[in-house]
Amino acid sequence: MSIERRFPCVADMRRAASKRVPKFAFDYLDNGIGSNLAIRNNRNSLDRVKLVPRYLVEKNYIPDCSASILGQSFSQPFGVAPIGLGGIIWPNVAQHLAEASRASNIPFCLSGFATALIEDIQDIAGENAWYQHYLCTDDDLNRKMFRRAEACGYTTLVITVDIPTATRRDHDIRNGLSVPPRFNPGTLWQILKRPKWAMETVRHGIPRFRNYAEVIPKNANLDQLGLYIQELIEGHVTGDRLRTVRDLWPHRLVVKGILGSEDAIDCKAIGVDALVISNHGGRQLDAAHSPSERLGIIREAVGPGMPIMVDGGVTTGLDIARYIALGADFVLAGRAFMYAVAAMGKTGADHVIDILSRELRMTMSQLGCARVEDLPGFLDSPHIP
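1 is the number of the first residue of the sequence shown in this note's numbering; add one for each residue after it.
Hint data in this document are derived by calculation from the structure and do not stem from the laboratory. One or more hints might be untrue.
Each computed DSBU-like pair below joins lysine-lysine, with the alpha-carbon atoms no more than 35 Å apart [what the hints assert, rightly or not]:
| no. | residue 1 | residue 2 |
| --- | --- | --- |
| 1 | Lys218 | Lys144 |
| 2 | Lys19 | Lys196 |
| 3 | Lys218 | Lys196 |
| 4 | Lys196 | Lys346 |
| 5 | Lys19 | Lys268 |
| 6 | Lys268 | Lys144 |
| 7 | Lys23 | Lys196 |
| 8 | Lys19 | Lys50 |
| 9 | Lys346 | Lys218 |
| 10 | Lys23 | Lys218 |
| 11 | Lys19 | Lys144 |
| 12 | Lys50 | Lys268 |
| 13 | Lys19 | Lys59 |
| 14 | Lys23 | Lys193 |
| 15 | Lys144 | Lys346 |
| 16 | Lys193 | Lys59 |
| 17 | Lys23 | Lys346 |
Just need the whole structure built from these sequences, with the hints factored in.
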């Protein structure tokens with residue numbers, strides 16, 4: 001059976017991933033925090049966005065799905081969002097996605113807590129690679145990471161601000177999640193039931209936080225790792241700290257995790273180049289608004305000239321069109337790409353980009369929309385989040 005028939009959509013990839021990845025790893029990827037209320041709200045809010053097609057257009061055309069953000073031109077208006085611990089979902093997932101992103105000319109944003117080195121990903125993705133960083137309490141470590149990123153060629157730095165303290169995710173606590181994985185009878189049984197994952201992990205090596213290998217305690221279990229991470233990134237990213245980053249980083253600076261209009265206005269005043277409206281995939285605050293509920297408010301606050309990206313709940317090309325219709329300039333997705341690689345390995349990276357691209361093009365054709373930037377004109381008005 002062809003890949004197209006086996007995996008015609010991201011939902012099919014998710015189901016396959018759940019059967020190939022150990023439970024402790026899949027639960028980490030698939031769930032949010034608390035009762036998953038924020039995850040469900042991300043999905044439900046997007047589903048409430050309606051678009052109005054125009055069928056009596058003046059001429060036939062092939063929709064132009066290209067888009068520009070931060071002075072870069074891409075073939076699609078979407079890219080890969082940063083996801084930490086990717087190597088426990090599938091070995092070399094960051095490398096596969098970076099390679100596919102470059103081939104398809106979309107951005108790939110590497111998490112600072114990925115299990116791949118920032119230098120290796122830059123070598124693979126080139127100018128399509130962005131680096132995402134959590135500000136550490138150790139200012140020298142921050143500067144060191146910025147120097148590393150700049151030295152190997154990154155020109156877009158993404159600072160995530162929505163993790164002021166370590167979270168308690170029930171499923172991860174129950175599963176004893178740690179990096180490297182902590183082997184006990186429960187996790188070993190989960191691994192034995194996923195032989196392909198186990199063989200690939202043995203072949204590529206146990207996943208670790210390679211970018212922080214010099215400072216992270218060796219063989220940390222869940223409690224030790226959680227305590228260390230909490231101490232490493234504990235505290236809010238204040239305006240003064242963000243100004244320091246702006247002074248240190250001479251290239252494009254993006255702030256991710258914005259939901260409030262006051263924060264957005266402050267970022268603009270500091271000189272941030274773009275925002276990512278996000279509730280961290282529903283992983284931080286279960287009572288958080290969905291990005292689609294906040295997009296219009298933040299756009300009004302910062303004005304039309306501030307580039308705005310968004311992530312949260314994206315599983316289809318239609319979702320990408322919905323976000324852009326609501327006022328986003330660009331869209332990021334995380335879980336969809338991880339499901340694809342977990343389901344198919346390296347092949348999944350190219351396949352999911354192709355699926356999302358075709359779904360977006362089909363949506364635009366149905367609407368009678370010639371260009372991505374014209375999508376806001378097809379939003380059902382008034383739209384009630």
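Open item on the list: Are any of the numbered hints broken by this structure? If so, which, sorted upward?
Closed with: 5, 11, 13, 16
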